[in-house]
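Protein sequence lines, in the order shown, are assigned to chains Z and W. Residue 1 is where the first sequence starts when you use the numbering used here, and the numbers rise one by one after that. Residue 1 is where the second sequence starts when you use the numbering used here, and the numbers rise one by one after that.
Please note that a few of the clues may not be correct.
Stated by the list, open to error - Distance ranges between label pairs, derived from CB positions:
#1 W:VAL170 x Z:GLN67: 43 to 49 angstroms
#2 Z:ARG153 x W:ARG205: 42 to 48 angstroms
#3 Z:PHE53 x W:LYS330: 31 to 37 angstroms
#4 W:SER136 x Z:GLY141: 46 to 52 angstroms
#5 W:LYS12 x Z:GLY89: 53 to 59 angstroms
#6 Z:LEU157 x W:ASN23: 47 to 53 angstroms
#7 W:HIS69 x Z:ARG60: 51 to 57 angstroms
#8 Z:ARG153 x W:HIS69: 31 to 37 angstroms
#9 W:ASN131 x Z:ILE146: 21 to 27 angstroms
It is worth saying that the hints were derived from the structure and are not from the lab. Built from N, CA and C at the ideal position, the CB exists for glycine as well.
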Amino acid sequence: MTELWQGLVRAIELLISLDPEVFEIAGRSLLISVTSCSISALFSLPLGGLIHFYHFPGKRFLISTIQTLFSIPTVAVGLFVFVLFSQAGPLGGLNLMFTPVAMVIGQVILVTPIILGLIISALSGVDKAVPETAISLGATGFQVAILTLREARYAVLTALVMGFGRAISEIGIALMVGGNIKGFTRTLTTAISLETQKGDIELSIALGIILISIALVINLALSRIQQR
Amino acid sequence: MTLIQTTNLGHKYRERYVLKNVNLNINQGEVFALIGPTGSGKTTLLKLLDLLEIPASGRIYFDGVDVTHSGGPRLEARRRMSFVLQKPIVFNMSVYDNVACGLRWRHEPKDIVRQRIESALELVAIAEYKNRNARSLSGGETQRVAIARALATKPEVLFLDEPTANLDPVATSKIEEVLAHIIKEQKTTVVMATHDMSQGQRLARRIGVMMNGEILQVGSPSNIFSSPKSREVAEFVGVENILGGVIIAKDNNLVTIEVNGSTIQAISDFIVGDMVQALIRPEDITFALSKDISSARNTFEGKISRITPVGPLVRIEVDCGFPLLGVVTKRSAEELGFSVGKKVCASFKATAIHVIKRWN
C-alpha cells in the first residue's frame, strides 16, 4: 500500500513539475496510438460500410473472423511485424525495425479488427428504416452510407476509443519492434516494464497512473459527447 | 393521365408470394387508397411503387418509363416521389436538418432549401420545433416531421403507409387535416395504405381493396362500400349481413331469394337457380315494433338475440330464422324498449341489398 501511495504522490510530482522525460514518453505513446488508430479508422470506416451494406458469400464467416481477432495477442502481432521488418525479413530493406513507424504498423494490425468489427456492429445497430427512409427521400448509395454512419456516430466513436485503449495499453509490439529505445521508441508501457525490472516501483506506478489518466480523460470526453 | 402503371406485379419474401398479379393504374393528381387488413400486402406494394424494392415478377412504369429494374431511371423516378413510412423514422438531428435531407441530397441551392423547409414546416404546423432534435418529439409530431420532410422535395407522388396508425384520435385528426390540405392545395398524387376504411373513404377518390397480396376490387368509395364484389371485400368494408341463398323467382330485375326457408326480394341481374349471397349493411336495416309501419319489401319478425352498445349506437341482433344485424341510436333503442327476447320487425329495402355470386 505504501508503494502505491508513494507512486501516486510521485505521479502528481512528475505531472506538476512537468518532468520532460515523462511528458516526452507520454507524448510519444499518445502520438503512436493516435496515429495507428487514425490510420486504422481511415480504412475501417469505408471497409466496415462495404461489409455492412453489401451481401456476399462468406460475410458471416468474415465478421466472425474479425471478431475473433479482437483478442489477438500483442506478442503475436509483434512477432509478425518483427519477422516482416527484420533484416532477413521480406521488408527488411526498409530499415523500419526499432522505429516508431514499425510500432505504428504493428498497432494498426492490432487495433483494426477491433475498430472494424465494432464499426460493423455500430452500423448493424442502426434502425433498418434509416437507410430505407433515406433511399425513399432520393439518397444515392453513398449518401445512404454517410447518413447511416452519422446515425451510428456515437457507437463508431466508441469503436475508435476501444481501439485507442488497446493501442495505448499494449506492450508486446512496442517491446518487440520498438525496442524501448530511450528518446526514440520508449512508451509508457515499455517504460513501466523497464522501471519495474530496475526496481523503481514508484516511478512504474506513477507512469501507470499517467497511463490510466489518459484513458480516463478520453473516456470522459466520449461520455460528454454521447450525452449531447 | 396515368402516372404509375403496374402489370402482373408480384413479390415474394423467402419463397412466399406476398403480392400476386397486381395490375394497377394511378392517375396524375388523384388520391388513391389501398385498404385491406394487416398483412394483406399494402406496404409491400407501396415499397415496390416507390422503387425501394425490386419486384419478383411483373413491371412498373413511371410516367411511361419502365423503372422495374434499371438503375439510373429508378433514382430519377424515385426523386420525383416521397414515402412516409408507417412508423416514420426521424434522423438523429434537428427537425430543420431532417427536412433538409432530401433537398441537400438533390444538391438544391441553399436559399431554395431554406425556403422549402420553412414552408413545409409551416404547412404541418411544427415551425416552432425546427431547432429541436427530431428524436425528442412525440409520435404525432414525428409523423408531421416525416410528412414535412417528404413534402419539402415537392414530390409528384406522395406515398403514405398507414399515416395515422400509431396515433391517438387528436393527433390522427390533425394529420388528416394536414393531408386534406395537401391534397386540396398541392394537387399531389397521393397513394395511401390504410386498414382504416373510413379514412380511405374520407381522403381518397378511388379505393383498391387488397387481401392476401391481391387487389380484389378497385372503385370509388361509394362503389366499394355499397357494391363489394366478393364476400371477403364485403366483410372488410363492414357488410355484416351476408345471407346465402338461391334465386327462386325473377320479375324483371326484382329477384326473390330463398334464405333458410324465408324469402327476401332484391334487385339483381342474376337468374333463377343462381346461388347467391345477399349483402345488407347494418345501417340499412330499420326496426319497428309492428309490421304495419314499414313500406320496405322485406320485413321479418324476430326476437332480439343480442344488444351491444357501441359508442352512441347500439347493435341489435335479431333472429328471424336467419340472423340479421342492424344499428340504432341509443335513444331509439330506449324509446322502443329494446331488450333481449323482445319481438321486433326488421325491414330493409330491395334496393339496399347487393347480390353477389356464391361460389360454395
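Hints the structure fails to honour: 3, 4 and 7
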